[in-house]
Structures are given as C-alpha cells and as structure tokens.
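J.: Starting from the two chains in their separate frames, assemble the complex, guided by the hints.
Protein chains in written order, with this note's numbering: chain A, 1 to 588; chain B, 1 to 183.
Hints were generated in silico from the structure; no laboratory data involved. Honestly, I wouldn't trust all of these hints.
Claimed, not checked - Derived, one-sided and incomplete: chain B residues facing chain A with beta-carbon distance under 10 Å:
| id | residue |
| --- | --- |
| 1 | S9 |
| 2 | G42 |
| 3 | Q77 |
| 4 | K79 |
| 5 | V86 |
| 6 | A124 |
| 7 | I132 |
| 8 | L133 |
Claimed, not checked - Pairwise CB distance ranges, derived in the manner of DEER restraints:
| id | chain 1 | residue 1 | chain 2 | residue 2 | range |
| --- | --- | --- | --- | --- | --- |
| 9 | B | S165 | A | D318 | 21 to 29 Å |
| 10 | B | L33 | A | N371 | 58 to 66 Å |
| 11 | B | A57 | A | F168 | 28 to 36 Å |
| 12 | B | I10 | A | L48 | 23 to 31 Å |
| 13 | B | Y8 | A | N497 | 17 to 25 Å |
| 14 | A | S42 | B | H89 | 35 to 43 Å |
| 15 | B | E54 | A | Y173 | 28 to 36 Å |
| 16 | B | G177 | A | I109 | 42 to 50 Å |
| 17 | A | N552 | B | Y8 | 18 to 26 Å |
Just so it is clear, CB atoms sit at the ideal spot from N, CA and C, and this is done for glycine as well.
Next come the chains, spelled out residue by residue.
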Amino acid sequence: MSKLYSGAEIVFKCLEDQKVKHIFGYPGGAVLPIYDELKNHSSIKHILVRHEQGAGHAAEGYARSSGKPGVVLVTSGPGATNVVTALTDAYMDSVPLVCISGQVPTHLIGTDAFQECDTTGITRPCTKHNWLVKDVNDLPRIIHEAFEVATTGRPGPVLVDIPKDIQFAKAKYKKPKKEKKLNGKSQNNYNQNQIDQLIELMSKSKRPIIYSGGGVINSGPKASDALREFVQITSFPITSTLQGLGAYPGDDNQFLGMLGMHGTYEANNAMHDCDLLINIGARFDDRITGKIDEFSPNSKKVHIDIDPSSINKIIKVDLAIVGDVTNVISKINKRINKKNNGFTKSNKQKIANWWEQIQKWRGKNSLNFINSDQNIKPQHAVQRLYELTKKKDTFITTEVGQHQMWAAQHYKFNKPNRWMTSGGLGTMGYGLPAAVGVQIAHPEKLVIDIAGEASVLMTMQEMSTAIQYNLPIKIFILNNQYMGMVRQWQELLHEKNYSESYSEALPDFMKMAEAYGCKGIKATDPSDLDDKIQEMLDYEGPVIFDCQVDPNENCFPMIPSGKPHNQMILGPKDQEENKIKGKGKALV
Amino acid sequence: MPKSKSAYSIPTKKQKSDTHIFVIWVDNEAGVLARVVGLFSGRGYNIESLAVAEVDAIKNISRITIVTTGTPQVIDQIKLQLKKLVPVHKVADFKREDKDVIFKEMALFKIVGNQRKMDKCINACKKFNPVILDQTKKSTVIQVTALRREIDKMNIKLKPLGLISTSRTGAVAMTRGAKIFNL
Numbered sequence: 001m002s003k004l005y006s007g008a009e010i011v012f013k014c015l016e017d018q019k020v021k022h023i024f025g026y027p028g029g030a031v032l033p034i035y036d037e038l039k040n041h042s043s044i045k046h047i048l049v050r051h052e053q054g055a056g057h058a059a060e061g062y063a064r065s066s067g068k069p070g071v072v073l074v075t076s077g078p079g080a081t082n083v084v085t086a087l088t089d090a091y092m093d094s095v096p097l098v099c100i101s102g103q104v105p106t107h108l109i110g111t112d113a114f115q116e117c118d119t120t121g122i123t124r125p126c127t128k129h130n131w132l133v134k135d136v137n138d139l140p141r142i143i144h145e146a147f148e149v150a151t152t153g154r155p156g157p158v159l160v161d162i163p164k165d166i167q168f169a170k171a172k173y174k175k176p177k178k179e180k181k182l183n184g185k186s187q188n189n190y191n192q193n194q195i196d197q198l199i200e201l202m203s204k205s206k207r208p209i210i211y212s213g214g215g216v217i218n219s220g221p222k223a224s225d226a227l228r229e230f231v232q233i234t235s236f237p238i239t240s241t242l243q244g245l246g247a248y249p250g251d252d253n254q255f256l257g258m259l260g261m262h263g264t265y266e267a268n269n270a271m272h273d274c275d276l277l278i279n280i281g282a283r284f285d286d287r288i289t290g291k292i293d294e295f296s297p298n299s300k301k302v303h304i305d306i307d308p309s310s311i312n313k314i315i316k317v318d319l320a321i322v323g324d325v326t327n328v329i330s331k332i333n334k335r336i337n338k339k340n341n342g343f344t345k346s347n348k349q350k351i352a353n354w355w356e357q358i359q360k361w362r363g364k365n366s367l368n369f370i371n372s373d374q375n376i377k378p379q380h381a382v383q384r385l386y387e388l389t390k391k392k393d394t395f396i397t398t399e400v401g402q403h404q405m406w407a408a409q410h411y412k413f414n415k416p417n418r419w420m421t422s423g424g425l426g427t428m429g430y431g432l433p434a435a436v437g438v439q440i441a442h443p444e445k446l447v448i449d450i451a452g453e454a455s456v457l458m459t460m461q462e463m464s465t466a467i468q469y470n471l472p473i474k475i476f477i478l479n480n481q482y483m484g485m486v487r488q489w490q491e492l493l494h495e496k497n498y499s500e501s502y503s504e505a506l507p508d509f510m511k512m513a514e515a516y517g518c519k520g521i522k523a524t525d526p527s528d529l530d531d532k533i534q535e536m537l538d539y540e541g542p543v544i545f546d547c548q549v550d551p552n553e554n555c556f557p558m559i560p561s562g563k564p565h566n567q568m569i570l571g572p573k574d575q576e577e578n579k580i581k582g583k584g585k586a587l588v
Numbered sequence: 001m002p003k004s005k006s007a008y009s010i011p012t013k014k015q016k017s018d019t020h021i022f023v024i025w026v027d028n029e030a031g032v033l034a035r036v037v038g039l040f041s042g043r044g045y046n047i048e049s050l051a052v053a054e055v056d057a058i059k060n061i062s063r064i065t066i067v068t069t070g071t072p073q074v075i076d077q078i079k080l081q082l083k084k085l086v087p088v089h090k091v092a093d094f095k096r097e098d099k100d101v102i103f104k105e106m107a108l109f110k111i112v113g114n115q116r117k118m119d120k121c122i123n124a125c126k127k128f129n130p131v132i133l134d135q136t137k138k139s140t141v142i143q144v145t146a147l148r149r150e151i152d153k154m155n156i157k158l159k160p161l162g163l164i165s166t167s168r169t170g171a172v173a174m175t176r177g178a179k180i181f182n183l
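Bound conformation, chain B alone (with noise of 0.2 Å):
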C-alpha cells in the first residue's frame, strides 16, 4: 500500500457508478438554478444534461431536470444536499433503467446538401418524430425527439449526409400511467 503523504487518507475501493435522473421543484428566482449547478460541481458531482424551465407561472415554480452518475452513496447525497437547499421544494430521482418513466432529448439537426441526401437524411430520422422546421433547396432543419443514445449514433450517422450543425437539449421525464413523482 502506498504511504500517504499528507494528512489526508488515500482514496480505497471504488464502487460501480449508475445513471440517474434527477427532478427538483424549486422557486423561479434569482440565482436558484446557480445553487442547484454550484452544489454538483462543489461536491464533485457530474452533470450529463439539464434542462430547466418554468412549469407553473401562478406558483412561481420551475422543474430542472438533471442526469449525473455516482454511486448508490453519491447519489443518496446528491438527494439529500438538494433537498436542504431552501429554494428546493421537491426533489425525484429514478434510475435510467427504470420502465415506469419516459425520457426524452430533443435535438435540431441542419443539413446541407443535394436534394438526395437531405430525403436520405429525413429518412434515417422517421424513426424520431422527425418535424421539417425549415426547407431551402439547399438546406434543412429537422427536429427530433428520442433518447440520448439515439441522437448521438443520429449524429454520427448524418454528418457524411451533410450534417453542419447539432443543437440539443437536455433530458426531461415523465411518469407512464396515472401517478406523478412523489418525494
């Protein structure tokens, strides 16, 4: 074992990390979403996406969407730091795995080129939804909703095809069937 040098111990077994999303409920004010970010990047806790907005205007209450990977015991902490949080109402977490919700990205795609590859591109994208945003003769914008893995082999799939720009957004999610997250 190695001697450590400092007054600190040495770092020991590493656990298996999970995939998680997480749902937080907080009040729509100033500097609310710089608490809920400060807190992953000052405890060393990752972010794979986010997405935030507004859900309800009267309350004054927004939904962030978060999906970052630790440990069961990261993820724990990851819970209760954000429930202490004073502007933090509510917080979900589900792991990805989990069948009972739905989650998707949603990613803007802008090809150009020829007439040809553009269908082929509209093509390889019926499988996401895909809405026509935009159409010139020598352009398109499309939308599409899917998972995130789907959208990165989409990227790579369309940039021979013409592909000059990607724009994403993070993951939301949603409960299947009648029931509604809960603490």
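Next up, chain A with everything else stripped away, as it sits in the complex (with noise of 0.2 Å):
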C-alpha cells in the first residue's frame, strides 16, 4: 500500500513535480496547513508580498519574463478577493498562473462562515477554469490538471480553491498523467493546404504588412526566431502590437513600430493601406483596430492564432490559421525555402514602391517631440534611460498611462520576454510587483520598472517586498503629478476639465525611498539626468527614481476615438503646421 499524505503535503508534491521553484503568496488562516508544510520543501521558495494582489502581479511578471507558470498561494476571503485583478489582468493578457487559494472548512461552506467568500464563483469569469476540492483523493489530478490547463494552448490564469479540513485530511499520491487530453481541446489545427493559401496571397502581394502580438512571446523564444526568419527571408514590413514589442528587434530597418491608438505614423498608414495583412498572435484589439468599419479596408486578412475563438470575433478575415505560432511559422518558412527558392529576390522588387512610400511616412519621424532644457521631457527621459541601458539584458516593467506609452515607443526590445505590461485590462499598479517576480526569475539581471507616479502608488507596499529579498529593482517613476492619460483625454474631449485627475499631496519620494530602506534619486534638470540615470544604474539595492516631468506633456502620436488609422493626430510641430493651414483640431 502506498503512503498517505495530507492535502498540504500533496499541494507541495505537486508544486515540486512541476517544477515549481517559487511561490508568491501571503498567508491567513484558511491557508495555514499548506503554510506549515512549507518548511520541508526546500527546493520551493516562498515570496511573501504586502498584499495578495502584489502576489498575483509578481507571478505575472514572473511568467512572462521566463515564460514558466507563475504561481500564487493565497488565503480564503479577503485573500482570494484581493486576486481577483492580478487573475483578470492574466486572463485578458493570457499569462499562465495557477492561485491556490484556502477555503473555510467544507461544513462550513455557504454559512457566511469568517473569512469565506464564493471564490470560484467570483473567479470563474476572469480564470481559464477554477476548481473547488471537496474530496482530498482528487487532489492531485486537480493540481496536475490545473498546470496542464494554465500553460497549454492560449495560457491563462487557473485557481484551486482548496478548504482548510481538505488540506488536513489524507490521500494518495498520483504523480502528473501524461498527455492528458482535456476534452480533445488541441492545439494546432489546420493543414497544409492553408499554408499554401498564405504563401500564395503573398506571393501575389504589392503592399504587404505583419501584424505580431503576444502570441508570439507566448509561444516561446522559438516563435521570435521563427518570426525573424520569417520576416528576413519575405522582406514585408512588420509592426507590433503592445505585448508584441522584443518579439522581432525593434531598432531592425523592417520594423515599423508599434501599432495603434499610439503606435506610429508609418505603422498605422501601412496597416490601412496594405493590400495584405498577417496577423500573428494578436487579437485585433479595439485599441489597434481604431474604428472597425474603415479598418485596413482593402486588404486580404489573415489571422495565425492559437485559440480558434480570436478568429472572426473583432475583424472578418480571409484566411484563418488556427495553431501554435512557432509550429506554424516554421511550417511556412520550410514550405517557402523549399519550394520558392526565388521568393525573397522576385518579392523585393514587388513591394519595392511599398516600401517607398513607408519610407515617406517615416519621414513624418512621428514620435518626434519638443525637447527642452528647461525642464526634463517625459520621452526624452525614456529614451536616455534607454540609450544607457541598452548594452545590457535588460527587463522592462510598466504601469499603466501615459510613461507605459512613452516606454513602449521610445525603448527598444531586442529579445522577446523582456517587456512586461498590463494591456488588456490596464491595470494601474502592475509594474512595480512584476518587476518583483522578473526579479525573482532572472536575479542577476537589470529590471526596471518605468512607472507614474499615480500608478506606483497603488501598490507602493511591494517595495517592503523587494527590500526583504534584496531585489533590486529600479523603480523609474515619470512624475508629471497628473494622472496623465486622464488629463489627455480630458485636454482632447471634454474642454480641459481636469476633473479630479491632479494628484495633490504626492508623498515625498526621496523620504519614502529611505522610509523602505532603498536609495532614493531625485531628478529635476535636464543636464542632470544621465547622470542620476547612471548612478541608479551603479547602485547595487533597490531605486527608486523620481524623475519630475513636464507635468503637460501629452502623448503622441494618437488616434481619436472613433477614427480610421489614417486619420491620426502627429505631435506638437505637426500641429503648429496645421494650425497654418487652418486644420488645427478638426481631428480631434
């Protein structure tokens, strides 16, 4: 007969059969059997954060920054609901994480019992699938099946709720199944003859472009190398979207930028005028699509994407290719190396007045802006912090607004897996607990968090995190004392009604930097910044910088709301020059 071990034991006997090297996580009563388990684990480490929504937002970046499932151990009540946002963040950006999270005892489920809560009832909007453990034998096949679930086909968040009398009570052991097959749920499904139908569209291509997104990253550091094979051997233009950005190298002459609301000129242009458009991995956002109806009007589509519910749910295509990314490119760069062997010659010069007319739209150099040197200008911040780190492997975490913005156009990504962000839900206050966890998973690696000040504050209490662990994490903070997106918006749509979007008040950075016991830096002059930039560089501990922006600087290029992606509006100078022209704001 085989041994028997309590459900504490069994949580831990899964965690170390996959692999699991790192938890974050917060204890609480509900909790407290795995907790005391912990001690005789000693291949799994345990972060404790300040708040269960920073352990949620570390294993996000923990995720994506080593593309392993992230993984979070929180309490019952209070300690599932606070998860929640970490949870929907992951889930609308597919990120694997498995949250094991305590419940009250079974017979006290549905009593209002202290701390209880309906977790898997308020987590199964916002988690791939979640589970309630009610008999300790499933267990095991639950957890096992709770990886599987998180890291195959799209990724995503998964919870196990996991009652306090379960985690005492004993079972069997059951090492992972493999090759389980979740309801046939499979991966890759589609054959060759789409293959063929791709490389015939593009064959046949004047004003060819490539749309690439997460799914990219997603698919592993593979994908990229296919990507970029893919891309040197067709010779087409590429763009990105937001959690795209490292997959292809940003400062190669092929790539256009970030698509938009606020990507560039070039990119949007060519996605409007193109007469052939591949989608790789992404999900044509509302924030890339612009207005739907005039979106890329006269090209064929094509849509690579692993879950076969991204197909057609936004934007109509021509030709869909349901699978993995990395398979699927792979599939297209052998079929095009072995049967077109002239391809890339006889495609150069086909698309050779395409890229003309991208070189004319890059001319419009649309992240341009008016530095100054009375005060230091938001961009201009990014871009020096960029130039001083880019010889080195660097991780680059954001919050949400206007810096997340500035860092994705004006910080270039060479490597996939080194740009972590909130997208698809926005959540303000992801960056500095991700960089905890990108930390945690790449400790001697470079992580900065490029922050506002209005975002950092939400979850300010994880630097106590990255002090106790000694990570250290640069928290560069664009302060501008405004929550600068809102104030754009509010600038460009509702008549400059700052409506509560000034952030008065604004604790003193420096004090609270010694408060937490790292170094704060302080920087107010242009002539000074590259050299506070390099002293939090050569700092060993933790930063954090506060870097005091044009508090009215605005974010541009842009697209209104509402319009086509050629219907943007350009920076400042731009718009001097249409003020001539008496075209000033009519498209705002």
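T.: Next comes the structure, spelled out in structure tokens:
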C-alpha cells in the first residue's frame, strides 16, 4: 500500500513534480496547513508579498519573463478577492498563473463563515478554469490538471480552492499523467493547404504587412526566431502590438514600430493601405483597430492564432490558421525555403514601391517631440534610459498610462520576454510587483519599472518585498503629478475639465525610499539626467527614482476614438503646421 | 456623426439577428451550468430558454439545450467560446428554421372553472398531444408538448377559459432520421 499524505503535503508534492521553484503568497487562517508544510520543501522558495494583488502581478512578471507558470498562494475571503485583479489581468493578457487559495472547512461552506467567500464563483469569469476541491483524493489530479490548463493552448490563469479540512485530510499521491487530453482541446488545427494559400497570397501581394502580437511571445523564444526568419526571407514590413514588442528587434529597419492608438504614423498608415495583412498571434484589440468599419479596408486578411475564438471575433478574415505560432511559422518558412527559392528576390522588387511609400511616412518622424532644456520631457527621459541600458540585457516593466506608451514608443526591445506590461486590462499598479517577480526569475539581470507616480502608489507597498528579498529593482517614476492619460483625454475631449486627475499631496518619494530602506534619487534638471540615471544603474540595491517631468506633455501620435488608422493626430510640431493651414483641431 | 466622448468607439451598423439552438454536452459536475450561463451573461449574449439534465449516468454527461438570438458573428463566437470551456465536450448549433431538427417544449396548464370550460380547454389543446395529469370537479392540469410559439398562443387562448397557472420547460432538440448531432 502506498503512503498516505495530507492535502498540504500533496500540494507541495504536486508543485515539486511541476518543477515549481518560487511561489508568491500571503498566509492566513485558511491556508495555514499549507504554510506549515512549506518548511519541509526546500526546493520551493516562498516570496512573501505585502498584498495579494502584488502576489498575482509578481507571478505574472515571473511567468512573462521566464515562460514558466507563476504560482500564487493566498488565503480565503479577502486573500482571494484581493488577487482577482491580477487574475483578470492575466486572463486578458494570456499569462499562465496557478493560484491556490485556502477555503473555510467544507462543513462551513455556505454559512457565511469568517473569511468565507464564494471564491470559485467570483473567479469563474476571470480564469480559464477553476476547481473547488471537495475530496482530498481528487487533489493531485486537480492540481496537475490546473497546470495543464494554465500552460496549454492560449495560456491563462487558473485557480484551485482548497478547504482547510481537505488540507489536513490524507490521501494517496498520484504523479501527473503524461499527455492528458482536455476534452480534445487541441492546439494545432490547420493543414498544409492553408499554408499554401498563405504563401500564394504572399506571392501576389504588392503592399503586405505583418502584424505580430503577444502570441509570439507566449509561444516561446523559438517563435521569435521563426518570426525573424519569416520577416527576413519575405522582406515584408512588420509592426507589433504592445504585448508583442521584443519578438522582433525594435531597432531593425523592417520594423515599423508599434501600431494602434499610440502607434507610429508609418505602422498605422501601412495597416490602412496594405493589400495583405498577416496577423500573427494578435487579437484585433480595439486599441489596435480604431474604427472597425474602416480598418484596413482594401486588404486580404490572414489570422494565425492558437485560440479559435479569436478568429472573426472583431475582424472578419479571409484566411484563418489555428495553431501555435512556432509551429505554424516554422512550417511556412520551411515551405518557402523549399518551394519558392526565388521568393526573396522577386518579392523585393514587387514590394519596392510599398517600401518607398513607407519611407515617406517614416519621414514624418511621428515619435518626435519638442525637447526642452528647462524641464525634463518624459520621452527624453525614456530615450536616455534606453541609451544608458541598451548594452545590458534589461527587463522593463511598466504601470499603465502615458509613461507606458512612452516606454513602448521609445524603448527598443531586441529580445522576447524583456517587456512586461498590462495591456488588456490596463492595471495601474502592475509594474512594481511585476518587477519583483521578474527579478526573482532573473536575479542577475537589470530590472526597471518605468512608472507613473499615480500608478506606482497603487502597489507601493511591494517595495517592502523588494527590500526583504534584496531585489535590486529600479523604480523609474516619470512624475508629472497628474494621472497623465486621464488628463490628456480630458484636455482633448472634455474641454480641459481636469476633473480629479491632479494628484494633490503626493508623497516625497525621496523620503519614501528612505522609509522603505532603499535609495532615492530625484532628477529635475535635464542636464543632470544622464548622471542621475547612471547613479541609479550603479547602485546595487533597489532604487526609487523620482524623475520630475513636464506635467503638460501629451502622448502622441494618437488615433482619436472612432477614427480609422489614417486619421492620426501627430505631435505638437505637426499640429503647429496644421494650425497655419487652418486644419488645427479638426481631427481631435 | 456624433463625436465619441470616451476612449472607446461608438457602435456602428447593426446586423440582422437569427434564432439558434445550441446543444452542449458537458461533464455533469458542480458549477458547470454556471460556467455556461455565466459565459452568456458575461459576454452579453441572450438566453431565450434553457433545458438541462444528465443524459448519461455512467459517463457523467449532461446535455444542455439553449435557445439564443444573435448576429452570425455572435453565434459563431458563442460556439467557439463554449468549446473553450474545460468541461464542455461537444457543441452543436442549428437555426430554428432547420427542417432536419425537431424541437419541442413542454407546458403544464392549470385550469380552474366549470366542466364546460375545462372541456373547451382540453379540446383546444387537442393538436398538442394533451395529457390530463390531474382532474377534480373544479380544476384540471393539462400537459402539452409543442413549439414555443404554439405554447405562447395557447397561453393567451386559455386565459379566458380559466387558465390560472402555466409552467413550461425550455426547448429540447433532436435531429430527424438516423444521424446524430455532430461537432
């Protein structure tokens, strides 16, 4: 007869078999048996956060930067409700998370017991799947299945709710089954014919564009390699969504920059005027498409995605290939290399005019801004940060708002998994805890959270976690004293009624740094900026960098809501020119 | 065109909606109905009727039948989203007008009144396989199986004849002939 283990022991045996090295969590009454067991499992390190939302985002940062699922451990009731934001965030951005939550004992479920909540009910819409374990004999199977669901297909968060009595109860342990089929939810569902159709479309196209997304990152580093080869052999221009940055080198000439609401002029115009659009692992998000009816009106559209429900959800496509990006792109590359040996050459001539047009759009230099020697421009700060860190293998996280867009526009990523940001849900307060998670996964690497002062205050308490585990994360705050993106929208759409978007009574970030026990650096003068950034990079511990920037700067270029890609507002220089022509604000 | 005052676009052209019947095979486990129904409410889809019960006790499979309306794009999404749920095995959908599919609803009518009125009611139900489930001197309970719109009609028709209570199920569906629903 095989040995009996307690539920708590089984949890750790499962985590060990799933090769989990770190869990992010916060103890409480209903998970104490699991916490009690922690000491017996030295291969698993627990990171104590300061708020369960922080645990969730840290696990997201860990997962996004390492490709492994993030594991979260929280208690019942408030522990579980606090992690809901992070679960929803992970669901929107397809990040694999396994959240284990404690629950009140089985016999108390439904009695409004202390720290009871309907955790599986609350998290049902924000997880791929969740389980309430009612029998300890099911526990090993459920936890292994949880890892399977979180990491296969389109990744996402899952939750396993374990009542306290189940954590004490004893059962046999079962190893994970190999190749478990989840009701036939397969990953690759395409055929050679579709690949050939795509190649046919590509060979006919005169104005093609590749639009790649987070799916390329999620598919693993091999997907980026395949994508790079694909772009190289086709010589097609490529643009990327916010989540896809880094899959293709940001400083390469074939890369047009990010597309969408705050994307570059050349990327958006190319999307609008193209005759062939190849979407690789992106989902036609509303920040990308702008006005649906006028989205890329004259193109054949191809969509490569692992999630069949992403196909035709927003935009009708002419050819859909359901499969894993690595798998699909490698097949395409192989086919092109084998069958169309002359492809590269003939193609270059065919699309030469298209590249000429793209160069014209590029000439607009849409990410341009008017720099100042009086105060620090936020774009300038990001550019300097990039220049001073580009030689290192740097990991960047962000919060949400203007600073996030400036980071996406001006920081160039050359490798996948180096860029962690909350895209779908747009969670302010994501960046700092995410940086904690990234640093845990990559202890030797430089990790910077490009933050806004409003966002960072939402999860500031995690600085304490960084101190506790000696994580040298750098919090680079672009402090403009406003909720900048809110202020920008109010300026452009609400007659400059800056309702509640100014942060009065901001804390002194220098003193805050001191209080947490890390280094504080403040920059106000553009001429000291480089030295101060260097000081931050040279310091071995965590740093809070208060970069005081121009409070009135807006994020351009921009597609106003309800407008198509070819009606962008450009930066102040261009606006001045337009004013002279009397076109001024017509586009706002 | 009205100017959008938010960070979102404004809705544009509206497509025509069709009525579809979805048949979903799921693991009969706790919360599975909530997952299916939550998917509909969470994504703003509409449920006209719902019927669910276990159909295979050994394999532990329940069959859910949902009548819904939506544009072709929405119907497509419903199907694909349903298929993503972990306890869902198989999803079939067809248009209400589909001649190859039978679908039926059941209703119980309680009539209170004199014998003459009750007879009139039973007579009116004749087309719809009436079964008298209960009868007293002053009341009767009639079971009918029919289409949704027929039951709607009967519901109105029987009101003046003493109908005081109606209980009805959602639609259930089955293909004609030897074939069965496929994926």
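J.: Compare the structure with each hint and give your call.
T.: Verification of the hints:
1. Because the beta carbon of S9(B) sits about 5 Å from the nearest beta carbon in chain A, less than 10 Å, this interface hint is met.
2. Hint on G42(B) holds. Least Cβ distance to chain A is approximately 5 Å, under the 10 Å limit.
3. Among the interface hints, the one on Q77(B) holds; its C-beta lies about 6 Å from the nearest C-beta in chain A, closer than the 10 Å criterion.
4. The interface hint given for K79(B) holds, since its Cβ lies 9 Å from the closest Cβ of chain A, which is under the 10 Å cut-off.
5. Interface restraint check: V86(B) against chain A, minimum CB-CB distance 4 Å, threshold 10 Å, status holds.
6. Annotation: A124(B) was flagged as interfacial toward chain A, and the flag is violated, the nearest CB pair being 44 Å apart, outside 10 Å.
7. Given the 10 Å rule on beta carbons, the hint for I132(B) is violated: about 41 Å separates it from the nearest Cβ of chain A.
8. Among the interface hints, the one on L133(B) is violated; its C-beta lies about 35 Å from the nearest C-beta in chain A, farther than the 10 Å criterion.
9. The hint said 21 to 29 Å for the Cβ distance between S165(B) and D318(A), and at roughly 54 Å that hint is violated.
10. Distance hint check for L33(B) and N371(A): the Cβ-Cβ separation is about 60 Å, which falls inside the suggested range of 58 to 66 Å.
11. Look at A57(B) against F168(A): about 32 Å separates their beta carbons, and that is inside 28 to 36 Å.
12. The supplied range of 23 to 31 Å is broken by I10(B) and L48(A), whose beta-carbon atoms lie about 47 Å from each other.
13. Taking 17 to 25 Å as the suggested C-beta distance range, the pair Y8(B) and N497(A) conforms, at roughly 19 Å.
14. Between S42(A) and H89(B) the C-beta distance comes to about 42 Å, which sits within the given range of 35 to 43 Å.
15. Between E54(B) and Y173(A) the CB atoms are about 31 Å apart, so this pair conforms to the stated range of 28 to 36 Å.
16. In this structure the hint that G177(B) and I109(A) lie 42 to 50 Å apart at CB holds, the actual value being about 47 Å.
17. The hinted range of 18 to 26 Å is satisfied by N552(A) and Y8(B), whose Cβ atoms lie roughly 25 Å apart.
The structure shown violates the earlier hints numbered 6, 7, 8, 9, 12.
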